[in-house]
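Protein chains: 2
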Amino acid sequence: MKRKTFGPVTSQQVAQVAGVSQSAVSRTFTPGASISPATREKVLKAARELGYRPNAIARSLNTARSRIVGVVMSYFDNQFYPQVLEALAQRLDELNYHLLLFVGDRDGNVDRIFDQIMQYRVDGIVLASVSLSVELSEECVAAGIPVVLFNRSEENATASSVNTDNEAAARQIAGFLLAGEHQRFAYVAGLSDSSVNVARQKGFIETLERHGIENVRVVQGDYDAKKTAKAARELFSAPQPPDAIFAANDHMALTVMDIARFEFGLRIPEDLSVIGYDDTGPSGWPSYALTSASQPVDAMVSATIALLMKQIESENIEPEQLVVPGVLVVRHSARRPRSGIIEKDGLMLFQPQEVE
Amino acid sequence: MKRKTFGPVTSQQVAQVAGVSQSAVSRTFTPGASISPATREKVLKAARELGYRPNAIARSLNTARSRIVGVVMSYFDNQFYPQVLEALAQRLDELNYHLLLFVGDRDGNVDRIFDQIMQYRVDGIVLASVSLSVELSEECVAAGIPVVLFNRSEENATASSVNTDNEAAARQIAGFLLAGEHQRFAYVAGLSDSSVNVARQKGFIETLERHGIENVRVVQGDYDAKKTAKAARELFSAPQPPDAIFAANDHMALTVMDIARFEFGLRIPEDLSVIGYDDTGPSGWPSYALTSASQPVDAMVSATIALLMKQIESENIEPEQLVVPGVLVVRHSARRPRSGIIEKDGLMLFQPQEVE
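So the protein lines, in turn, are chains A and P. The first sequence begins at 849 in my numbering and counts up by one. The second sequence begins at 849 in my numbering and counts up by one.
Possibly wrong hints are sitting among the right ones.
The list makes no distinction among identical chains, and a pair is therefore deemed to hold if it is satisfied within one copy or across any two copies.
What the hints assert, rightly or not - Cross-link-like lysine-lysine pairs, in silico, BS3-like; alpha carbons within 27 angstroms at most:
(1) 1192 - 1078
(2) 1074 - 1192
(3) 1192 - 1075
(4) 1050 - 1075
(5) 1074 - 890
Think of the hints as simulated: they come from the structure by calculation, not from any bench.
Construct the entire structure; sequences and hints are all you get.
Put into structure tokens, the structure is as follows:
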């Protein structure tokens, strides 16, 4: 029951049993290396017999590739992120890369764990729902490590990013609620310095202002269930409570719906319309049937991985800002406009003539 | 913008700037190694100035420790598992270990990805919601790598495991529903070969049988939302639909509730009682208010990590089967018995006199 140092079988032993050179064993287990099918077969047979496995860690020192991608993620209680994580891990696995997971702080600051990530000489980094300081971003560039911000971007854009068009989607949500003839609007904000919150708030408020609505109530949910519940109670206790709420993500929108229904006896959508952002799992559950701007997980993850791989392989990490198209998925949590709703692939979508 | 091979700064350069030996630099960055505070301070100062970071991968070859724990997980759509993953990653991070994530197949078979895990010379493995074949389990023992099954166990017990007392909790659920004077019982099963499903089904059915109830309807949800929806429709379409359902996990219980309410117009708990297992996030949301047997994530993760660390450090991997206590959290999805409900720490719990 004693631990053995890196297992008993060496590549030399495999080479001996297979009757090939040690280099042939090494090339058999190096993705993309040149090796004849016959030799490869001999090596694999001997490896199977002996129970040999190549040492990925030792290999990474030779190839200067760890085949590890570091992923930093927060908000595991928001079902959007576990879905993203599962897709990232599966996609990387298909490419024979692996995922080293770090949990980011709720305040979105990644500096504390950055040293840890860098120590593992990762080939790339995905930062989901966290931001990178300018210093760290520049340090990655200097070290030649590609970084992709997922569902975040930074103003100076030294790192790459993958997002939906947050501002445009928020404009569409404002248009949907205006077309539904709502009167009193509120916005439940995420963390005020998160890039997606800034863009969603801007698109929503500016569109309403262009239609003469100035007094949009803004409360802070900060992506946190408890703060969101408190913010919702504030909204519904006001003398003139809103009849239309856009919450900066679904996770907060679901909390707003629960507070409205179970603490204030409001009917949705008769008394109150609620719209979210993400179109994540629970939003489709019939108890909520949330109308929501979609963030297509598979497309966003595909774009992220494709970008990372391109930068790893080309050794060129010129930052790129990718925008993945989303749609406004119409369910039953918000009063529907008389026109502009179409059906597509079993979903109801909002595709109006230009609102602006 | 070219990738540099493992960054420009070496431990030699740090040693030179700090005026110390290279071994002193190495010991500064090795957890637990002996180093004088003054020397350590000199090294850290030089390292900061130069932007040096130790190479965790090279170190792992010297120490035969990668400080990586491999985690295999499935069912990211079941909120229980993301919560477990977040807790595992945070706890490992605190101990200066890191988490290499693998997504298991839905059928629970881990053999396909096992080669990948072993290549990274992980110091330990956590298998959450997946099972290990006897062969692989024995291979881990032979290689001296501790394995903990999380929320699973295996009959021959070559690997360690951490679970709640599934059978006892299921007996309690049967007792709760019997005390609530229900008449027609059904069980929505998880994958029929998963250890927790076997234990939950056994505890539930045997307790009912001991009370003279023989015709318990069993349908397969297989931990899958679509299959569960189908199974629920089957139950509610029957001439004598159940008035009490135990679903083998919360994720399936929520689906059962949605189908009952929105497709069959059933009132919960007036027409139908539903109980789940996990007591995970959405179960506490007021739209569901699910009565559920708890699996305390923090306690289970703490037990898992403590066991792994003990085995890694002692190099003794004698398997242990740990059982973490849970409670039956009483909310509003099931009719309550007249007695046996107590309040504790703001939760309602079921703690009857012995039912048996």
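Hint check results:
| no. | hint | verdict |
| --- | --- | --- |
| 1 | 1192 - 1078 | between (37 angstroms within a copy, 24 angstroms between copies) |
| 2 | 1074 - 1192 | between (36 angstroms within a copy, 21 angstroms between copies) |
| 3 | 1192 - 1075 | between (36 angstroms within a copy, 24 angstroms between copies) |
| 4 | 1050 - 1075 | within (21 angstroms within a copy, 42 angstroms between copies) |
| 5 | 1074 - 890 | neither (61 angstroms within a copy, 45 angstroms between copies) |
Hint compliance for this structure: hint 5 alone is broken.
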